[in-house]
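With chain A's structure known, arrange chain B on it following the hints.
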Amino acid sequence: MSMLRTILFGLLAAAPLAGAAEVAEFTLKNGLKVLVKPDHRAPVVVSQVWYKVGSSDEHNGITGLSHMLEHMMFKGTDELGPGEFSRIIAENGGRENAATSFDYTWYFQTIAADRLPLVLRLEADRMRDLRLNEAEFVKERAVVAEERRMRIEDNPDGRLYELLHATAFVNNPYRHLPIGYASDIEHYTLDDLRDWYRRFYAPNNAVLVVAGDVEPAAVRRLAEKHFGPIAARPPVPRKPRREAPQSGPKRVVLRAPARTARVAVAFKAPSLTGAEAADAPALAVLAALWAGSDAGRLRRRLLRERPVASEVSVDYDPVARHDTLFTVAAEALQGVDAAELERAVLEAVAAALAEPVPPEALARIKTQLRAEDVYARDSVYYQAMLLGRFEIVGLGWRQWSAYRDALEAVDAETLRAAAARHLVEDRRTVAVLEPRAVDSGEVQR
Amino acid sequence: MRALWAGLCGLLAAAAWPAAAVPIQSWEEGGARVLFLAAPELPMVDLRVVFAAGSAYDGERPGLAWLSNRMLGVAAGPWDADAFAERLDALGLRHVAGVDRDMAYVGLRSLSDPAHLGPAAALLRTVLSRPRLDPDDLAREKQRLRSQIEALREQPDAVASEALYRQLYGAHPYARPPWGEAEAIEALDAEALRGFLARHYVRANAVLVLVGDLDRRRAESLARSVLGALPRGTAAPPVPRASGACRPPREFVSMSTTQTHIAVGQMIGLAPDDPDRLALLVANHVLGGSGFASRILQTLREAHGLAYSAYSRLEPLAGGGAFFAAVETRNETAAKAAALLDETIARFVAEGPSEDEFRRAVANLTGGFALSIDSNAELAAQLAYIGFYRLPLDTLDTFVARVQALDRAQVHEALRRRLDPQRLCRVQAGGFWAVQPAP
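For the protein sequence lines, the chains are A and B, in the order given. Following our numbering, the numbering of the first sequence begins with 1 at its first residue and continues without gaps. Following our numbering, the numbering of the second sequence begins with 446 at its first residue and continues without gaps.
Quick caveat, the hints were computed from the structure, so don't treat them as lab data. Given the structure is predicted, the values throughout are model-derived calculations rather than measurements. Worth double-checking, as some hints may not be accurate.
Okay, derived cross-link-like pairs now, SDA-like style, lysine to any residue, Cα gap no bigger than 20 Å in a straight line [unchecked claim]:
1) LYS366(A) - ASP558(B)
2) LYS139(A) - PHE737(B)
3) LYS239(A) - PRO216(A)
4) LYS139(A) - HIS749(B)
5) LYS139(A) - GLY750(B)
6) LYS139(A) - ASP721(B)
7) LYS587(B) - THR273(A)
8) LYS139(A) - ALA748(B)
9) LYS139(A) - LYS781(B)
10) LYS587(B) - ASP337(A)
11) LYS587(B) - ALA627(B)
12) LYS366(A) - ARG532(B)
13) LYS587(B) - ASP294(A)
So here's chain A without its partners, still in its complex pose (with noise of 0.2 Å):
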């Protein structure tokens, strides 16, 4: 998930704990927060290391930087060679991975339970003494342009969602994708790489999230072992660049290779960190009433009664530390053109703010959502990316549960208010895909 923020958003950010009573916290003395949350269904465990560190962190000229680092993280260390990290826990049985995303970069295992030492005295070794190597940072940065290659270049959804943020923007660093700009990620230096890590990478900017077969005792002993020699450092400054009051409609078209119309309508809306968090709840479930499932009002409106799109999505994730997007986007059917699926999705945007929700839909929700609550402890994995990203941006992972109820709390006149107040005109940004004719189909054999 470099970039597209795709699995998290809506309701599903917000299925809570079991209970927040079983998950232990402590803090160890060089500021390195600990969550532990107990499941004892399997000999597995898992272990994320969040850093609080992600594009939003970045200017202009370095985007993509956090990125770039992440990738780095398995280059070696003081200790181990490049790689290596990752043979280790592969010999282990584990899978490994790692992640940035605007706020926070994180790096997870899931291993067999016993095999824990070994994940946090590996991940405690590359906080401390990450080795930086120019001829590794050489290959990897071409790699990362591949990945962009992937990601953005040749992928039209790619390209309307960086565009999207870079015009719905102005100051707001949520402005550029955690992949970066393609000129940028060309003139990296390894003394960006250095400064980045030196800055950013330090026990007191990070959470250790430790799910599943574990005990909170043990997990303290080994936290204190291996991360508590970590001297801190300074704590890093950080301005608000709360973003410029947008005062009117924007719009922007890509024309680009693809075979399909695509349009995202976004608006300005707030995340649980900002001063308008209070709206946040009824946002997320204004999200779920519209498309967070075939009932929804705007999959309904435009994929049933009055088909112009293959699929259509709401996209809101208020768990972030500066203002965010409320985004509807949509894939047109073939033969609707661009024009018309941009008339249709506003149309049926305006028409569902103009409704009134209906109780019955509001019920069924938070039924859903209800029954998700369960239905998210099934993955352990998910369990501890929950709580550590609440705890990263800032939030706390008690705020989690008050977020819960604050969700089931929401009714009409709530709804009718949030909406009132972000999903307006002035604060929207339409962004167009009208397709041009991709150069393909010629088979040469």
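The following block gives chain B in isolation, referenced to the frame of chain A:
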């Protein structure tokens, strides 16, 4: 995301795992097989009905299996599309469905208390026994499917993969993608779908999987309820054996992209119950099935910086599955990456895994067994696979021992016998043509 986890398909495995860690129970319900695993820790149940109704059974109508399955998720019995979607939400249900080349499945995830599970079972029974196929719904889903197929033409990986299957399988039904072909979908009508459902969505052709907070008695009653209204019918005939045509051996598709997707493959007749299955699993693990631990990613990404994504995989299928490998690189380096991929595969087949590679692959597969059965979702998928392909019920329990019983020579011998680098089919799809002429 730093890596694409492409490899680890099908069965996985474990270290110190007690005997019968996964005590699957099985019985017959009116001609259908039932596989049940009690998982009382969470108050939920996964129900999944699997049929021999994959795209291999499309006959002359590509897309028939896919669209038939899709329509079961749209409306049923007394509920039109709106009412059906609302009913799922009102009961807190998650609907799941899917089609591949061999099988199709429909299922639900439900809370396990009787107030939810009872209506959920009744709903699934209605879905299976009273499909609606309303004309508007069918016309719309056909158009959606055609649009989605069209959108796949934008992606070099999808284009290359589709071309490669055609080369590998020739006139065999596996040659076509499970979702069919845009033009043929237009011709599908309610009668064709009804016929397909009546023939394939029957008890004698079904495996029901139940995983969750149930005891045997409740599971039996649930099975009766879900399957009770389905006709008994007859089992579908086995999928014909594929011959491995590889015609033409090379294909180039030009697209307007900055990257080129290079895909190679060989039909190796790999079956889910293949005697070489585990040996080939270990071999593929070393070659390209285990991300950073594998030779393909090490060579193309770590050593040469040519790609973000590079892997190999095995796809066991009832009628004979294939080996695949792929890499995506910028157009300028397409020829170099293609040559390196070929060379990596050829060298590996010639020399086999080193002692060290072999040891590490076995350690990963056995040490990671618990990971493949650590959630109800994983377990339901495993049971569906075991049930559908009639693998032994102790497949999961014996996996570690069976992997540990392999030796390096045996793995290399199986690899050399099954995979012939001289007979690989090759496709390139992307913008390579703009920087160099196709050979």
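Quick rundown of the hints versus the structure:
no. : hint                  : result
1   : LYS366(A) - ASP558(B) : 17 Å, holds
2   : LYS139(A) - PHE737(B) : 15 Å, holds
3   : LYS239(A) - PRO216(A) : 35 Å, violated
4   : LYS139(A) - HIS749(B) : 7 Å, holds
5   : LYS139(A) - GLY750(B) : 5 Å, holds
6   : LYS139(A) - ASP721(B) : 37 Å, violated
7   : LYS587(B) - THR273(A) : 44 Å, violated
8   : LYS139(A) - ALA748(B) : 8 Å, holds
9   : LYS139(A) - LYS781(B) : 16 Å, holds
10  : LYS587(B) - ASP337(A) : 18 Å, holds
11  : LYS587(B) - ALA627(B) : 9 Å, holds
12  : LYS366(A) - ARG532(B) : 13 Å, holds
13  : LYS587(B) - ASP294(A) : 17 Å, holds
Violated hints, listed in ascending order, are 3, 6 and 7; each of the other numbered hints is respected by the structure.
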